[in-house]
Amino acid sequence: MTREQVRQAILNIISDIAPDEDLASIKDEEKLRDQFDLDSMDFLDIVMELRKRFNLEVPEKDYQELVSMASSVEYLFPRLKDNELVS
Amino acid sequence: MSKDWLKGIKSAYDTIIIGSGLAGLTAANKLAKLGHKVLILEHHYNLGGLATWFKRKGGHILDISLHGFPTGMIKTCRKYWTQEIADSIVRLKNIRFDNPQFSFWTNFDKNDFTRLMKDRFGIVKETIDEFFATVRAMNFYDDLSMTTRELFEKFFPGRTDVHRLLMEPITYANGSTLDDPAITYGIVFANFMDKGVYTFKGGTNELIKKMKKELLKNGVDIRTHCMVERIVVDEDKTVQGVEVQGRMIPAKTVLSNSNILNTVQKLVGEEQFAPEFVKEVKKVRLNDSSCQVYIGLKRGETIDNVGDLLFTSQEKEFSSESLLEPETTSRTFSFYYPETRPGLNMYSIVASTNARFKDWAHLTKQEYENKKEVLIERTLDALEKYVPGVRKKVGHLEASTPMTFKRYTTHPGGVSFGTKFEGLAISKDLPRQIGGLFHAGSVGIIMSGWLGAANYGVIVANEVDKFLHSVREPQPELETVSV
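Chain order of the listed sequences is A and B.
Our numbering applies: residue 69 is where the first sequence begins, and numbers increase by one.
Our numbering applies: residue 309 is where the second sequence begins, and numbers increase by one.
Because the hints were derived from the structure by calculation, they are not lab data.
This structure is a prediction, so every number in the text was calculated from the model and none was measured.
From the three backbone atoms N, C-alpha and C, an ideal C-beta is built for every residue, glycine too.
Hints are not guaranteed to be accurate.
Here are the in silico distance ranges between beta carbons for each label pair [as the list claims (entries may be wrong)]:
| no. | chain 1 | residue 1 | chain 2 | residue 2 | range |
| --- | --- | --- | --- | --- | --- |
| 1 | A | E98 | B | M556 | 50 to 60 angstroms |
| 2 | A | Q132 | B | L671 | 48 to 58 angstroms |
| 3 | A | E125 | B | V702 | 55 to 65 angstroms |
| 4 | B | R593 | A | R101 | 29 to 39 angstroms |
| 5 | A | D107 | B | G430 | 31 to 41 angstroms |
| 6 | B | D737 | A | L91 | 32 to 42 angstroms |
| 7 | A | Q103 | B | E584 | 44 to 54 angstroms |
| 8 | A | T70 | B | K311 | 57 to 67 angstroms |
| 9 | B | E635 | A | L79 | 51 to 61 angstroms |
My request is simple: use the sequences and hints to build the entire structure.
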């Protein structure tokens, strides 16, 4: 996966979890929680979806890496780059 | 030969879930959606645990715990169940307090509490705002040494009326006391007395019916009337499955939605755990139980709207202890108007009091029946003040006690609010003691109630999913696959 595909994958997950949010306005550097109505259960959902869709385990100590879109891509890209995106 | 309730089950499962409270059901649905083979075993004939109801002659349907839960339940139902279930959740706006210290109606949200505390109790706005901000900022990892009593004293010193306003609804909702850690109060309060109280339109039976339909659609096998006898663990301290009705059902994981003490002491057996762990388990305090009086009005009888939830008491001040006395005058009335179950056009009222098991156990059959009769009479006397002439309208009357809760839930002490806070650490530590063994249920106040239970089910489902991924045999490389 490319960085852009990783970013898109995260966006897809968030839009499934929070369908009422307008994700087009997302600012990658800002905290997701400050922009959208996401709580700790939503972040748990993101972790579960990453496991389901990409067989990727995010250990609890790394949950903080998912705080913004930019930090999520930074953290996930090296871990997902060898994944083929199934379309 | 008796009926084989296990008929048609698979030869093995990824997860067997023992008990079908909202934690067990929600975990089951999540795990099934993640692709796992799931079996639910429930000893009762209904699913739902304490999210339950019963029917009686004359068309009565009586709910145990339907009124009310926090707004977060809407999101939880949408994400982990269906949009349809989420769409049936409606707000209850008529919450009422009546006691010697104050008497008023509230719609139970932050704005209204702020208004009441300012106008009725004369608290300055800054203090109220600071209290709300403090409580909202509390989180799970905070210091546990401060009690709720100390928290209240800090913001509203000597104001037993304010303490009562803030505490009473939470006590009825989850059995917590002024001496529990403030954090357990804070998290529930932030969820609850902030954006109002909600209920499920259609009643508990409709909710559970919809959940069952969704579970079946997602491939979950469900078997009722099945009391699990034992969780089978091998010498390597790994779960093998469960024994039920003399039969072993293999499973990679077992998620117990039974009480945590039952899980450790009865279903697994203390001998399977490390001695230090068993020592910690023995320290877990059970929460208290409840009594309820169910009042079904005769078909055709009506009452005015006297509130959806009414917190009433004749006690001079709030006290966690006196609330538990069999003669307590502190009770919650839940009024179920025809809007609860559109089409049924009937009214019911459920009175709840907190109660201790020991006050109801060890009675002779006659003493027990007499004591229930007294409870019913006292309840009707109290209700008369709000619904004059109610006795003439009653079509069905029945009481439940801690003994009743014990029979239907198998919980030790008939607890209706799980365990105190320390139960959570035991629940979370279970998988480190025995590979593949998990627990979700009411442990600690924040994991109690409908929303807490459902969310805890998801939190544990995540752990189960992680475990199942870790033990899964490596998958063959995908790249050579062609269709």
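Hint check results:
1. A:E98 - B:M556: 50 to 60 angstroms: Taking Cβ atoms as reference, E98 (chain A) and M556 (chain B) lie about 54 angstroms apart, which means the hint holds.
2. A:Q132 - B:L671: 48 to 58 angstroms: holds (55 angstroms)
3. A:E125 - B:V702: 55 to 65 angstroms: Taking Cβ atoms as reference, E125 (chain A) and V702 (chain B) lie about 58 angstroms apart, which means the hint holds.
4. B:R593 - A:R101: 29 to 39 angstroms: About 35 angstroms separates the Cβ atoms of R593 (chain B) and R101 (chain A), which means 29 to 39 angstroms holds.
5. A:D107 - B:G430: 31 to 41 angstroms: Holds - the Cβ-Cβ distance for D107 (chain A) and G430 (chain B), about 34 angstroms, lies within 31 to 41 angstroms.
6. B:D737 - A:L91: 32 to 42 angstroms: holds (38 angstroms)
7. A:Q103 - B:E584: 44 to 54 angstroms: holds (45 angstroms)
8. A:T70 - B:K311: 57 to 67 angstroms: Given a distance of about 58 angstroms, which is inside 57 to 67 angstroms, the answer is holds.
9. B:E635 - A:L79: 51 to 61 angstroms: holds (60 angstroms)
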